[in-house]
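For the record, the sequence lines run as chains A and B.
Letter by letter, the first sequence follows residues 21 to 508 in the working numbering.
Letter by letter, the second sequence follows residues 21 to 508 in the working numbering.
Just so you know, these hints were derived from the structure itself, not from any lab.
Just so it is clear, the structure is predicted and the values come from calculations on it, not from any experiment.
Incorrect hints may appear among the rest.
One copy or two, it doesn't matter: identical chains are merged, so the pair holds either way.
To be verified - Below, computed lysine to aspartate or glutamate pairings styled on EDC-like, alpha-carbon distance capped at 20 Å: (1) Lys77 / Glu66; (2) Lys133 / Asp309; (3) Lys77 / Asp355.
2 protein chains.
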Amino acid sequence: MAKAITTREENYSQWYNDIVKKAGLADHSAVRGCMVIKPLGFAIWENMKAQLDAMFKDTGHVNAYFPLFIPKSFLSKEADHVEGFAKECAVVTHHRLMNNPDGSGVVVDPSAKLEEELIVRPTSETIIWNTYKDWIQSYRDLPLLINQWANVVRWEMRTRPFLRTAEFLWQEGHTAHATREEAIEEAKLIHEVYARFAEDYMAMPVIKGAKSANERFAGAEETYTIEALMQDGKALQAGTSHFLGQNFAKAFDVKFLNENNQEEHVWATSWGVSTRLVGGLVMSHSDDDGLVIPPRLAPTQVVIVPIPKPLPEIMEKAEAIAAALKAKGVRVKIDKDAKKRPGFKFAQYELEGVPVRLGLGKRDLANGTIEVARRDTKEKVSIDIAGVDRYVEQLLHDIQSGLLQKAKDYRTEHTTEADNMDDFRGTLDEKGGFISAHWDGTAESELKIKEMTKATIRCIPNDFKEEKGSCILSGKPSKGRVLFAKAY
Amino acid sequence: MAKAITTREENYSQWYNDIVKKAGLADHSAVRGCMVIKPLGFAIWENMKAQLDAMFKDTGHVNAYFPLFIPKSFLSKEADHVEGFAKECAVVTHHRLMNNPDGSGVVVDPSAKLEEELIVRPTSETIIWNTYKDWIQSYRDLPLLINQWANVVRWEMRTRPFLRTAEFLWQEGHTAHATREEAIEEAKLIHEVYARFAEDYMAMPVIKGAKSANERFAGAEETYTIEALMQDGKALQAGTSHFLGQNFAKAFDVKFLNENNQEEHVWATSWGVSTRLVGGLVMSHSDDDGLVIPPRLAPTQVVIVPIPKPLPEIMEKAEAIAAALKAKGVRVKIDKDAKKRPGFKFAQYELEGVPVRLGLGKRDLANGTIEVARRDTKEKVSIDIAGVDRYVEQLLHDIQSGLLQKAKDYRTEHTTEADNMDDFRGTLDEKGGFISAHWDGTAESELKIKEMTKATIRCIPNDFKEEKGSCILSGKPSKGRVLFAKAY
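Produce the entire structure from the sequences given, and follow the hints as far as they go.
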């Protein structure tokens, strides 16, 4: 096994790429900017998806599926949206190939040009609101609470596996409401669901807040975001929920008759998280030896390794332990490979981030003990076999909460107040992280700070406190601190 | 509620479209040939997907995800494959839009032309085998048992919701093996999984068999198929599993070192089922009043309707019954809508195919009884509330097996032997269905019969019996009967 992961200290970016590649999360593909999600990476995404899907359904949402393609003209219908999305995208212009007359493979058939080009969806507001027009007539048809799991394409120039890829997988919720208040409530509800998912399942603490006007989704009146901090002190926007006002309803002429029989435009939200979360998971917890996966999302939570190999008497006990763990709902696997040595296996499971490893040898059997190794702290203890299922069940909880606490502590250490540009820059250079600073509320200052430091306003936090101060750039009055950081 | 479903007798094709539209399974979209899968249709697909996914995992497969796009040149690498798939497909030629200089929306940016066009995958053998080249070096890397859930696009000229759409959802398994025998065994295993799923979950009996050379997947050495019979006597190809030989390994140069340290090309299979199954489900069981969904795949298995409306004392009992059913794993819903009348609700649930409806009124409460109505036979009985959970649990089993039996009986009645072209044509015209007939084994006769009658060889059935006879067309010797039908 060629391990050799670059350390975080040496080169954080290369460390990330090494983990993704060597732990088998994803691979590059023959198509520029598109990755192959390998079985381990996809299994983590499947676990995320299952949990999020359950949370959406618990809050009254249903799934549906809309077309991959969007007629080009649709993108122009909402003025801000077209600026944001009708740029770098995949454009389908033809619907047929033909044999090259010179015999060298296939070429585009020029006679099969589409009357109107189709765009591979970068996001689906336009095609969905064009459909909602047919589905909504009366207040009785509202609210419409629909989510879609889909692939989308944005022709990114610089890509990184999971964090930014041309094609990515995501869910996009698109809801329709009778009132402004209800739509805002929906956008906030999902914001809350995302935050809960990030903390309770990914063990990734997030700051909840609203985007500045400049960083809003193209077509939104308000964008709520969850922002996480990675181990290199850079922020990751992990999920956004948008209040869209009546913008798309007006663009696609979606009206309803209210209870007083008056015609009104419908109010909208949209919200999404993507395979980017897998990147966030990796960067939140992993170390120089490989992946660290929080137990609640780990495809395999516990692996049992027979030492030195799967001898019948060891396997018998291993099967019994596995059965006891399965009965407690633990995802457990026994390594039955007789060819590889335990040391090799240990390194492999460490690399792949399996939260708990149980080592069971002949001497253990004789003593009635078993070795329990946890991936996060690398601690090993020998315990009585008798209570191993209860011990491991508790340990998985401990690891889950330990990872969250560790990430919270890191964030606390890396959140700094700055009261002038010198301090701001100094903090950015020395330790990075979130910087809480006064801002005058103008896009001008925001963009200037970005230009000077590469740091952006991550959010105006939900727990924003009224506090008089002066903008670190302009010195103009500010009503309170907002959160800056360099970001992925 | 505008019901008015065309009857099957009047116009089967229109009946199907009416069911799909009025029961809320799917809707047309603004993109030619692409449908919108509505929440009810998608929920059925989700149930199918969950079950199939579990069956794939139980047989050792894992999921992964490969790019949406395929470089054009890849399609030319396998000679048969290019003939089959590099025809009607969506071709991406540009990666950017720009504002139209005349101010009228956006146009394709001519400077953003791709060096090599990308094809939206019609199926993924080529991109996947191009990736497997990097993943397979030694026999230790085999077998590779990977499945993908994805959307694919084939630019169909004539489309019908679920049955044939330009974009559709499916799973595609792509496995790699060290030996021919193992690959054939894999293709047959999945063939068996598909048949089991169709019968046990969809209550849709299928004939298992192999395709004639002419009907094989482009690039396959053998295609195994499951063929179902719809209520209009036409066959539906419901799933196929292909033994691909070494064709793709050779096209993409995928070799491995065997245990004797010799280099060999890898053996392959691929297999898929799609949202077409939803169309098959509808056409297998539904009637002139709407959808009939087999309980095992029904998003809602039981609905409780309070009569005449959700009064507190009725709701209390309804909640208790729902809890008891949920405890048995039944997907149950209580209709709490106070505005709609019971009669309206009954018709709606009939249209949507909910297998069991429980009507609970004041008089029922007084008598300690409840009305149970089954969707399939429309029978209603009044039973003691006390045992309703056990009764309904059994009833769901009975409905599931009853639907399968009914479909089997229909198929038996509509499977006919024909020994000459007159009988063959007569049967096709009078009652349709499967026709078991002798064929001389040549593509020539097969195509001629298709040209004359529109019937195709659906399969050479697994239970093919050696039986001397004469081809119904050519009169030449035949070794046994194969199954013909007109097909979707």
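A quick look at each hint next to the structure:
1. Lys77 / Glu66: both (16 Å within a copy, 13 Å between copies)
2. Lys133 / Asp309: neither (52 Å within a copy, 43 Å between copies)
3. Lys77 / Asp355: between (36 Å within a copy, 17 Å between copies)
Of the numbered hints listed earlier, the single one contradicted by the structure is hint 2.
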